[in-house]
Structure formats: structure tokens, C-alpha cells
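J.: In order, the protein sequences belong to chains A and B. Heads up, the first sequence is in the numbering used here, so the first residue is 1302 and it goes up one at a time. Heads up, the second sequence is in the numbering used here, so the first residue is -9 and it goes up one at a time.
None of these hints come from the bench; they were simulated from the model. The model shown is predicted, which means the values in this text are computed figures rather than measured ones. Some hints here could point you the wrong way.
[Said to hold, decoys possible] In silico contact screen, one side only, chain B against chain A (beta carbon under 8 Å); selected entries:
{"#": "1", "residue": "49"}
{"#": "2", "residue": "74"}
{"#": "3", "residue": "75"}
{"#": "4", "residue": "77"}
{"#": "5", "residue": "79"}
{"#": "6", "residue": "81"}
{"#": "7", "residue": "84"}
{"#": "8", "residue": "85"}
{"#": "9", "residue": "98"}
{"#": "10", "residue": "125"}
{"#": "11", "residue": "126"}
{"#": "12", "residue": "130"}
[Unchecked claim] From chain A, some residues computed to sit far from chain B (all C-beta separations above 12 Å):
{"#": "13", "residue": "1319"}
{"#": "14", "residue": "1323"}
{"#": "15", "residue": "1350"}
{"#": "16", "residue": "1359"}
{"#": "17", "residue": "1413"}
{"#": "18", "residue": "1427"}
{"#": "19", "residue": "1433"}
{"#": "20", "residue": "1441"}
{"#": "21", "residue": "1492"}
{"#": "22", "residue": "1584"}
[Stated by the list, open to error] Restraint-style ranges between C-beta atoms, simulated for each label pair:
{"#": "23", "chain 1": "B", "residue 1": "112", "chain 2": "A", "residue 2": "1582", "range": "34 to 42 Å"}
{"#": "24", "chain 1": "A", "residue 1": "1387", "chain 2": "B", "residue 2": "98", "range": "38 to 46 Å"}
{"#": "25", "chain 1": "A", "residue 1": "1570", "chain 2": "B", "residue 2": "131", "range": "47 to 55 Å"}
{"#": "26", "chain 1": "A", "residue 1": "1421", "chain 2": "B", "residue 2": "11", "range": "45 to 53 Å"}
{"#": "27", "chain 1": "B", "residue 1": "128", "chain 2": "A", "residue 2": "1567", "range": "28 to 36 Å"}
{"#": "28", "chain 1": "A", "residue 1": "1434", "chain 2": "B", "residue 2": "62", "range": "46 to 54 Å"}
{"#": "29", "chain 1": "A", "residue 1": "1323", "chain 2": "B", "residue 2": "230", "range": "27 to 35 Å"}
{"#": "30", "chain 1": "A", "residue 1": "1575", "chain 2": "B", "residue 2": "125", "range": "20 to 28 Å"}
Ideal placement from N, C-alpha and C gives every residue a C-beta, glycine not left out.
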Amino acid sequence: MTTISNTDLAADAHPESTSFDAQFRAANDRARRKAQLMRLALNVLGVVLFIAIWEAIPRYSDWVNEVLFPPPSTVLQAFIPMLTSGEIGHNIAVSLQRASLGFIIALFAGISLGLVTARVRWLQYLVEPLLHGFRSIPTIALVPLCVLWFGIGEPSKIVLVAWGAFFPIWITTFIGVRDINLIYLRSAACLGARRRDTLLLVILPAALPFILSGIRQSIAVSLIVLVAAELSGASAGVAYMMSQGHQLFRVDIMFIGLALLGTFGFLADRVFVALARWLFPWYAAS
Amino acid sequence: MSGAPSLIDIAGVSQVYAGRDGAPTWALRDVSLQIGDGEFVCLIGPSRCGKTTLLHLIAGFLQPSRGSVAFEQRPVTGPGPDRGVVFQEYALFAWMTARQNVEFGLRAKPLSRADRRRLALYALERVGLAAAADKYPHEMSGGMRQRVAVARALVVEPKVLLMDEPFAAVDAMTRQTLQDDLLRLWQEIGVSVVFVTNNIDEAIYLAQRVVIMAPHPGSIVSDRRIEAAYPRDRGSAAFGELYGSISGELTLGARKAA
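So that you can see chain A by itself, here it is in the shape it has in the complex (with noise of 0.2 Å):
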């Protein structure tokens, strides 16, 4: 909201006057823009100085020593044959692969499980014990375990992306539709609306907003198991990258590494909020 003062207008501009509509509108939409306009330069700005600090420090100090803390350059130098040779890319295809694949699973047992024991009592009581003891097992715990079962394939970095990513998309569906308002399932009913309908277009809606901020947690959890589960033992991957760096003793590919991880992180998360609203344009508003 931002307020027109009498300067932005031209001070014969009668009130009633269609001039002063357009007027109006015109000082608006300029004072709009500017805001707009100033908070993107300040982001930018604030990623430039960061580099530019980052950058400066290791070349023209000497408490940070340079191979251990490489400045954006050097990062940059390193970064570009890897690229135009395809390694990147291909890490970068592994990994995504992977953390999908697992997190694809993750929402459709999620979402169908915590339906399931939120809807049907018995059920409930019956895995509602071993669902919250399994989801107070660190995921991480299990890596040195799946990777025994499953080997270093694969499978275990799916699995253990999917058993991840499963439980908090498990308990937000489970409270979500356990929780539903008792009025939208009697209106569905003296409705006669039939169950398909009410499970649907009823109960899978009104525990939309809670499914959402489990599937955003899930987003977050999956790439830090699939990072454990890379480093434990693996032939290709971003993670498996880092730890290639790490053994090499090269920095500035753990470094790569790392900003390819918060860049994933990032963009998956807009993606999703993105994508939440242009589906559920109510959701958003309500």
C-alpha cells in the first residue's frame, strides 16, 4: 500500500476530475514500481557484496588461506570445464534422478497412508505406534544399513530418499484429513454426495493446506538425505562430487558443490510455491 502525496499530482488536479483518476492511477503505479524496483536492487545488491567480500578476503588477507577458502574466482575457473565437459551436468542429472524418483514415492504412500489411517479408526490405532517410532528414527541413522540391504546402487539412495520424505507428508495428510472441519463431511452428506466425491472433492481439498507444507518439508528432507546417502558410497552425483573434491583436497569443487545444493534447494522451493499457487488459486487467498 503505499500512499500518493499531494506532490506526485498536479496541483489544478480537482478531485472529480477524470484527470485526477488517471492521475492518480499513473503516481500509483510509479510509486508501486519504484518500491518493486528498489527491493530487487537491494537483493542484488546484497548477493554482489557478498561475493565481492568473499572475493576480496582470500586475496588481499592473509587469516584466510586461499586453498582452503577459495575466492569466487577460482571457484568460477574450476567450474567451467567441468561444465562445458558435461560432468556437471551429468551429476547434476544423477542427483536430481534420484531425489525425485524417491520423493515421487514419498507423496503417493504419504498422501494414501496418512488418508487411510486418518479415515479408518482402527487402522489408526493399529500403525500409529510404528509410524511415530519409525519417524523418530534420524533418517540419516539408516544409510550405513540401507546401503547393506540395498548396496551402493541406486535403490538405496531411492529408498532412503522415499522413507525420508515420506513422514512428514505421512503425519501433515494424517492431521489434515483427521482434523477436517466436522461440517464440510455433514454438508457433503446431506448432499448424498457419493464417497468418491466427498474423499475427492470434500476431504483431500480441505487438507490441502496442511498436505502442501508436508510436501514443502519433504522437498527440504529429501535433499539432505540424498546428500548423506551420495556421500556414503557412490559414482556419480553432486554429493559424490564433493566428496571427489574432498579427497583431491579441492575446495573449490566442494564449493561448487555446495552452491549447486542450495540452488537445487531454492529453486525446488519456488517451483513448488509457484505451482501451489497457480493449482490452488483459492489457497493462496482463503
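Once you have looked at the hints, place chain B on chain A.
T.: Just chain B now, kept in the frame of chain A:
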């Protein structure tokens, strides 16, 4: 009442539930009530007098602890489209537009998508909201939402409309127009209406019969017929007289309970 069987037949109904300390609490005790086809009945009483419980028993959301609730001579076993409900809170599906909300009840019927749409738009038109068909509930005022709720309940052509303090949350001006619109719809369609309220003025303005209830335990104090023609004049002497006597009965019931 004539010899014709009534639409709703509540016979010796009691509703007991466990209170906070586990003690039996009587929401209703030994309540009997008949409601005829096309009748407009208001249930009025202070909070906890069991008026909403009674409405929920007719809707089939609850089963009586004792006694029986019958609709068209058949015991009520659960909710169904022959008994439409309009709730006090906003029960519209927040993720659907006004039109989609109204269409929802038509999905269970063998109708084409186009017919569903046409019927829903017609139902919205009847409550004066054709222009708001594509609005989401959060884009509508409280009064508009309750109009959509009425359209959604009526579109499946129920025999009775059960309304639980539907206009309690809207401002006084809007409330009056909603009341007038409800009366018009009732007269046009001929549906029965059971209307729960705690507002004496509303009950006298709307109902052919006012059923006065009292709490502890929930029971019926009196059942009065209002013969005055519609539209009723709130400023008339008869209206004021009724107001006084119903108000007296309500305070008497409340005092006896307290």
C-alpha cells in the same frame, strides 16, 4: 393438524451424552414434535436447550439415545438429500466457486455436465446471485455466502430445509433481506423449513409455528401457531404482543432451569 401423516415425526426422543466428568447430561429429554409438509417451524430457546441437537437428529447427524425420529414414516438412519441443511458457520467449500458449490450436490444425480451447470446457475439466480457464480467464498460477504448455502441446499430438491441459526453471523440490515428472500423461496417452492434461532423477532417474522424450548434438560415448553399473514409487520401491535409473551415464556423456562 389434520389427519394426514406428518413429514417429520419425533416421538419421545431423549439424547444423553457423557459430560466432562462422565456424568450423564441430557441434551434432550422426552421430546415429541410433528412437523407437516410445507410448514415453516422455528425452534427457539436459550443456548444448550437442545434445539440444534433436535435439528441434527432430523438431519441424521445423530441417533437418538431413546425414542424415534421418522421422516416420511421411515426412521432416520443418516443424512440424505431429502433433508437439506444450512449451517450457522460458513459451510461452503472454500476451494470451490459459488457455482461449483451448488453443482456439488448434483454430482450424485444422473445429469450431464451441461445440465448440472444450468441447474446450478438457475439456483443461484433464484437467490439473486447469478452474477457471483464464479466467485470463491472468501470473495463474498457473509450474506452472500449464506445465500449460496441456501441455493446449494435447495438445488437437490429436499423435502425440508433444516436451518441452524443461518443468519446469526450477518449484520441486521442484511439479515432482514435474507429473511424476506427465505420467505419468498419457501412460498414459491413449498418446501418445509425447520429454522433454529435464538432471536424472538426472527421467529415471529418467519414462522407459522414457534416451538419454545428450555434447557436442563432440553425440552419443549410450548408450541404456538402464528396466524398473521405474510409479510408481517414488525411495528404492529400483534407483533409486539407476541414478542412479549414469547419472551416471557423463554425467561420463565430459563429461570426454572437455573
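J.: All hints are to be evaluated individually against the structure, with a verdict given for each.
T.: Quick rundown of the hints versus the structure:
1. 49: holds, 6 Å
2. 74: With Cβ-Cβ at 6 Å, under 8 Å, it holds.
3. 75: Given a least distance of 5 Å, the restraint on residue 75(B) holds.
4. 77: For residue 77(B), the interface hint holds, since the closest Cβ of chain A sits about 6 Å away, which is under 8 Å.
5. 79: Since chain A brings a Cβ to about 6 Å from residue 79(B), closer than 8 Å, the hint holds.
6. 81: holds, 4 Å
7. 84: Holds, because the Cβ-Cβ distance from residue 84(B) to chain A comes to roughly 5 Å (cut-off 8 Å).
8. 85: holds, 4 Å
9. 98: holds, 5 Å
10. 125: violated, 10 Å
11. 126: holds, 5 Å
12. 130: violated, 11 Å
13. 1319: With a cut-off of 12 Å, residue 1319(A) remains clear of chain B, as the shortest Cβ separation is near 27 Å.
14. 1323: holds, 27 Å
15. 1350: At about 41 Å from chain B, residue 1350(A) clears the 12 Å cut-off, so the statement holds.
16. 1359: holds, 53 Å
17. 1413: holds, 20 Å
18. 1427: Non-interface label on residue 1427(A) holds, nearest chain B Cβ at 25 Å vs cutoff 12 Å.
19. 1433: holds, 28 Å
20. 1441: holds, 37 Å
21. 1492: The assertion about residue 1492(A) is violated, with a minimum of 3 Å to chain B.
22. 1584: The claim is violated: residue 1584(A) sits with its nearest Cβ about 7 Å from chain B, within 12 Å.
23. 112(B) with 1582(A): 34 to 42 Å: violated, 26 Å
24. 1387(A) with 98(B): 38 to 46 Å: violated, 56 Å
25. 1570(A) with 131(B): 47 to 55 Å: Since the Cβ atoms of residue 1570(A) and residue 131(B) sit about 35 Å apart, the hinted range of 47 to 55 Å is violated.
26. 1421(A) with 11(B): 45 to 53 Å: Check failed, 31 Å falls outside 45 to 53 Å.
27. 128(B) with 1567(A): 28 to 36 Å: holds, 30 Å
28. 1434(A) with 62(B): 46 to 54 Å: holds, 52 Å
29. 1323(A) with 230(B): 27 to 35 Å: violated, 56 Å
30. 1575(A) with 125(B): 20 to 28 Å: holds, 24 Å
Hint compliance for this structure: hints 10, 12, 21, 22, 23, 24, 25, 26, 29 are not met, and every other hint is.
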